[in-house]
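Enquirer: These are the residues of each chain, in order.
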Amino acid sequence: MSVRNRSRGWLGAGGLLLAALLTGCASNGPVNLPIVSTANAAMPVGVVQGSLAVPSAPPAPTCNNPTASLRPPASMPAAGAMPAGTTMARIAARGYLIAGVDQNTYLFGYRDPKTNAIEGFDIDMAHYVAKAIFGDPSRVQFKAITSAQRVPELKNGQVDIIARTMTISCARLADVNFSTVYYDASQRLLVPATSSVTDISQLGGKKICAASGSDSLGHIAAVPTHPIPVAVGDWSDCLVMLQQGEVAGVSTDDTILAGMVAQDPNTKIVGPSIADEPYGLAMPKQDTDFVSFVNGVLDGIRTSGQWTQSYQTWIGDRIAGGSDQPPAAQYSN
Amino acid sequence: MVTATAPAAQDNAEGKTRGTVLAGLPTNLAASLRGFAATTPGRLSVAMVGLILLSLLTGIVGIFTGQTRVNTLDDLTQHREPVSAAAQQIYRALSDADATAASAFLSGAVEPDNLRAQYNADIAQAGAALAVAATDSADTANVQDVVPSLTVLETDLPVYTGIVERAAANNAEGYPVGSAYLREADGLMQNTLLPAARNLYKTDITSLDAQQDEATSVPWVGAVLLLALLVALFLTQRFLARRTNRMLNIGLLVASIAMVLTLLWSAVGLILTGVHVSNARSSGSDLVAQLSQARTDALQARSDEILNLVARGGENYDPQFHSLANELGGKDGTGGLLGAVQSTSQDQTMSGEIDNAISAAKSWFAEHNTVQNLNNTGDYPNAVSETLSSASDGEATMVAKLDNALDKAITQGRTVFADETNSASAALFGWPIGVLVLAVLAAVGSAIGIWQRLREYR
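Sequences listed follow chains X and Y, in order.
Sequential numbering from 3 applies to the first sequence in the numbering used here.
Sequential numbering from 5 applies to the second sequence in the numbering used here.
No lab work stands behind these hints, which were simulated from the structure alone.
A portion of the hints provided could be inaccurate.
Label pairs and their calculated CB-CB ranges [said to hold, decoys possible]:
#1 Y/Asn408 <-> X/Asn268: 41 to 49 angstroms
#2 Y/Asp322 <-> X/Asp319: 56 to 64 angstroms
#3 X/Ala80 <-> Y/Asn408: 22 to 30 angstroms
#4 X/Gly97 <-> Y/Gln350: 28 to 36 angstroms
#5 Y/Asn408 <-> X/Gly206: 54 to 62 angstroms
#6 Y/Ala173 <-> X/Val50: 50 to 58 angstroms
#7 Y/Pro199 <-> X/Thr196: 34 to 42 angstroms
#8 X/Val50 <-> Y/Ala121: 49 to 57 angstroms
#9 X/Pro85 <-> Y/Asp322: 31 to 39 angstroms
#10 Y/Ala121 <-> X/Pro85: 51 to 59 angstroms
#11 Y/Val114 <-> X/Ala43: 48 to 56 angstroms
#12 Y/Asn320 <-> X/Asp319: 32 to 40 angstroms
#13 X/Asp326 <-> Y/Asn408: 55 to 63 angstroms
Simulated pairs of lysine to aspartate or glutamate, EDC-like, Cα-Cα distance not exceeding 20 angstroms [as the list claims (entries may be wrong)]:
#14 X/Lys116 <-> Y/Asp117
#15 X/Lys116 <-> Y/Glu390
#16 X/Lys116 <-> Y/Glu115
#17 Y/Lys366 <-> Y/Glu390
#18 Y/Lys405 <-> Y/Asp423
#19 Y/Lys412 <-> Y/Asp351
#20 Y/Lys366 <-> Y/Asp336
#21 X/Lys116 <-> Y/Glu331
#22 X/Lys116 <-> Y/Glu169
#23 Y/Lys366 <-> Y/Asp411
#24 Y/Lys405 <-> Y/Glu390
#25 Y/Lys206 <-> Y/Glu331
Even for Gly, the Cβ is constructed at its ideal location relative to N, Cα and C.
Can you build the whole structure from these sequences, using the hints too?
Expert: Right, dumping it as structure tokens:
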């Protein structure tokens, strides 16, 4: 019968199709499973690697004796009695000093999670300045900023003073004013305790971390064996990257590195000094009266023993070969 | 095919004339057919077979279309909506985990038990919802959109939790590197996990929308067949009336009534379905989508607000807070998504919850400005304690109230969606099988009606 024949034809066609589908599937073998051999490692936000990390600084300007600052006034005004019209009087009228500081550099400027207070050697310096203006060391508002924000914050008048492991340099002197040297640091290298590296030149082609906008990046890039500089927002991000195995080392001031060793005993500071890093308190370029005043404050704590006290509190014996005696002041006038 | 042979076989057994004709088919098909079709009985035979086939085809297409439609509607409530709700849960749980981890961190070296428990619950919730959302990767048309998002979520969530634990461990020691780990975790959440969750949710919402469209589309094939059948029935009856002078043919009349009933039933059923699905969309899924966005906006704004204090000016999260808060509730909590939902919602329960949400958002935004002023004037400790305050009018309480109200509003929206979609499905109760039964009735009516006339030509 035609109908039956036709239906057999349909069945036949269907059977062929089914067979084709079955064999088609069979020839593919088992369904492929996803194979993951590497995963994207998490990194701090805003990491920049390679030459882009190095601030595109024009050839470093030279200047005469950058660490020499303005001489303190012949007689320091008494706390709470700032001469009218001065920068100090403006700050006194506001009721508090605004200091740009770090919150993530252990020992120098960091937030104690237990008390929520910002503490450290740099913080002590800001408290000494506040005490000299108000007679009360607590009259200071800390504004946590990154390394890169230091100069812009001063230029925009967002802060009165920066106490944030800031190295005095001729380039920066073009934009801001520095106090006398309040701490003499040097750039060195931090590596895992198990590392056999003893000098930064052995890390050619390897990644070395430093905070963006810092001098350390330029010094890393200048090493002849060409390590790869990696820039991060905060110094503490460098320790994160070292602990996560994303960089071979961290190179910056021994003061900051000492704080990292204190947070992670599985790291060590190695190698000779890569660069001298004299720290100064930075102030807006035009506030020369304030610079003299701060130099007077620093002079006071050098002689009173308060400087040594702060050194022993925060640094103590954490930096081998460190001295608990303040660096001598140099003046340009 | 098989059904079609039955009447033909019957003809063979009972009508000799047509038996001969059929037997001649293979040899002289065209000529015989043409000759036979020219006679009245021939025409009637053709009409009968045609009507029977068309009726049965209409019935088969009808039950298939109808059942597919019912399945689509049931799948909306049983699978599609739960999957998009799961995606919303992932998005919400991750946002809350991020805000809670930051709160716990900001609370100090010892994490408060309730925050730790909330964070753990959020992560567990995200994992469980991820399992539900993953069921979609096998059977969706959007598989290429869903799988990458799911992969990111499933591979990076454990990484996120690991970093958060590392942040907490360092924070407990008082090490500032803990803050760096927390910021890294937040970066992973905001830049990788939440965008993936958001993408997953958007894909699921698009699928839901598409499926709602599918459930209310006009079944053209069935409609054309039905109309063709009605026209054929009318023409056959007119032909019979002219040839036989009998105005009524009971069999064909029954067939016609059956098809008119099918038409009416289908029209009413589909219109009701359309109305219910449209309600499910406008008073249900659309509002749920807006509310879900509002909820995650609130939690992400909360994260930014807290991270602003964790970062302590190192990184400024305040612009992000304001842009999220603005999307959530406009300047003062009464605009944005909250205002939009409030003006569209017609459900009393939902409107009540939205009112609660708006009042919580108002207090929160006001309190946020107070905290910002405290922080800007250097009173950091008070800014922290105000931000974390769980007093009855504290910020943490306000955020929890807002989240809770939105949760209830979302649940209400989902209930409306489920009720309306179930009503849409109920409007089609019995329709698929009914269409088939009526079509068989039409086939039988046509057969009997025409057979009675054919018998007179013996």
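Enquirer: Determine for every hint whether it applies to the structure shown.
Expert: Against the structure, the hints:
no.	hint	result
1	Y/Asn408 <-> X/Asn268: 41 to 49 angstroms	holds (45 angstroms)
2	Y/Asp322 <-> X/Asp319: 56 to 64 angstroms	violated (41 angstroms)
3	X/Ala80 <-> Y/Asn408: 22 to 30 angstroms	violated (57 angstroms)
4	X/Gly97 <-> Y/Gln350: 28 to 36 angstroms	violated (54 angstroms)
5	Y/Asn408 <-> X/Gly206: 54 to 62 angstroms	holds (58 angstroms)
6	Y/Ala173 <-> X/Val50: 50 to 58 angstroms	violated (28 angstroms)
7	Y/Pro199 <-> X/Thr196: 34 to 42 angstroms	holds (37 angstroms)
8	X/Val50 <-> Y/Ala121: 49 to 57 angstroms	violated (38 angstroms)
9	X/Pro85 <-> Y/Asp322: 31 to 39 angstroms	holds (37 angstroms)
10	Y/Ala121 <-> X/Pro85: 51 to 59 angstroms	holds (58 angstroms)
11	Y/Val114 <-> X/Ala43: 48 to 56 angstroms	violated (30 angstroms)
12	Y/Asn320 <-> X/Asp319: 32 to 40 angstroms	holds (38 angstroms)
13	X/Asp326 <-> Y/Asn408: 55 to 63 angstroms	holds (57 angstroms)
14	X/Lys116 <-> Y/Asp117	holds (16 angstroms)
15	X/Lys116 <-> Y/Glu390	holds (17 angstroms)
16	X/Lys116 <-> Y/Glu115	holds (11 angstroms)
17	Y/Lys366 <-> Y/Glu390	holds (16 angstroms)
18	Y/Lys405 <-> Y/Asp423	violated (27 angstroms)
19	Y/Lys412 <-> Y/Asp351	holds (12 angstroms)
20	Y/Lys366 <-> Y/Asp336	holds (6 angstroms)
21	X/Lys116 <-> Y/Glu331	violated (35 angstroms)
22	X/Lys116 <-> Y/Glu169	holds (17 angstroms)
23	Y/Lys366 <-> Y/Asp411	holds (18 angstroms)
24	Y/Lys405 <-> Y/Glu390	holds (16 angstroms)
25	Y/Lys206 <-> Y/Glu331	holds (17 angstroms)
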